[in-house]
Amino acid sequence: MLFASTLTALVLLSAHLAPVAARDHHHDSHPAAHDEAARAKPRSFEIKVNVPLKRDFLNADGTINEARVKRAVDHQRQRHRRRPANSLETLTDVERKIQADLFKRAQELEQDYNANKAKSVSKNAGASPAPLIADGYQWGTDVHFGDRTKSKGQRLTLFLDTLDYSTFVAKIGCLTGGTPYNPSKSPTTADRKTSYSDKEIGQGYRYEDTLSIGDFTIPKQGFIAIDKPGGNQSLEDVLFYRSTFSGVLGLGRNPPSIHPRVLNPVENLHKSGAIHQSLYAVKITDEGGALHIGSIDHNSYVGNMVWAPLLDTNDWHIPIDGWLFGSSSVLKPKTQSALVFSTTNGLISIPRSTARALFQVKTDEELPFDRATSLYYHPCDNLRNEYWGFSVRDQVFKFPLSSLKLAGEPSCARAKS
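Per mature numbering (1 follows the signal peptide of the UniProt record, and there is no 0), the sequence shown runs over residues -22 to -1, 1 to 395.
It cannot be assumed that every hint is accurate.
Stated by the list, open to error - Ranges between beta-carbon positions, derived for each pair:
hint, residue 1, residue 2, range
1, His276, Thr127, 28 to 34 Å
2, Ser221, Gly281, 35 to 41 Å
3, Ser331, Glu186, 40 to 46 Å
4, Pro109, Asn282, 24 to 30 Å
In case anyone wonders, no lab produced these hints; they're calculated from the structure.
We treat Cβ as the ideally placed atom computed from N, Cα and C, and that holds for glycine.
Just need the whole structure built from these sequences, with the hints factored in.
The structure is reproduced here in structure tokens:
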């Protein structure tokens, strides 16, 4: 079980959820009134832990690769440092009302579907999802740069990043694997003559090109081409993705405070009228999965969709009712707790206050903390019937703690937490 010790929000990755989590750029609202009848019977779903995820942190002989785990933890820290501060407090009353109305409409869409009145929230109901390619605990999809109808341009497989709002590609000499972006191969590319510089990511230029993802085509999509990655590293090392991929497809939320403001592909499709709502849904499996743009695959989950409001304008943080530890009932937090789903990293991160409750200790000094990897150890001798999880709007998602034992470890006490 992998827990990083320094972050303040839980990040649960590489797990199969039922129902599947859907993303909507316009669910920045306070919850609408709950249906009391539906809330009377909380539902519970079990999460299956991704097997490749566990293998990715092991050496060939089955021992834990501490360097690889530490690098993953360090990357999470960098990602959170780069995120702007929460700006929800700056919203006006008018903006809050708009967000509340959008959230209400999203719930009505789900009710319409359950009543067989609507089966898609996309204008293009026949649009096929973009297939995902799995590499360990990371997923990507093919993106065509250029005019696909005329077979011009190039196809790059990009890592799907639900946290970053920018799309990054590498120019020649910046990759150890994958395919570099070559603007000369695309007749629709446009150099915006705007430089890009970030001390961690590196230097490059902003471009616009026609991008095609699945059945959708996005003209003049903005992205960043890096030609000098930070720290004399490859772009894969800087942005922490596998060499299978040629860059990052950013589907995160672009904070209002960021300038210049560049819409991500889903936002651009919504702006052009190609889809009704700026919404996408991600289904991930060990073999791959699918990216649905502007629609939801209602066969990918059971029960009713759980819509949750976002807590800020910068990320996908949603409020949770509480945590599930061991065999106990849901523990209600004293202060607001948040959860964020991401395809970026293969770790579960929790705040130290949550770790103290999980490990039943009173101080941070008592936590079973491994300073070599920044991870917690948790013995799993008696965990066969114990669960860990969380509750979102009275719906519990959980998995058995024993399922997180790393394959190849000689002792249950070596499970990672």
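Status of the hints after comparison with the structure:
| no. | hint | result |
| --- | --- | --- |
| 1 | His276 <-> Thr127: 28 to 34 Å | 31 Å, holds |
| 2 | Ser221 <-> Gly281: 35 to 41 Å | 39 Å, holds |
| 3 | Ser331 <-> Glu186: 40 to 46 Å | 45 Å, holds |
| 4 | Pro109 <-> Asn282: 24 to 30 Å | 27 Å, holds |
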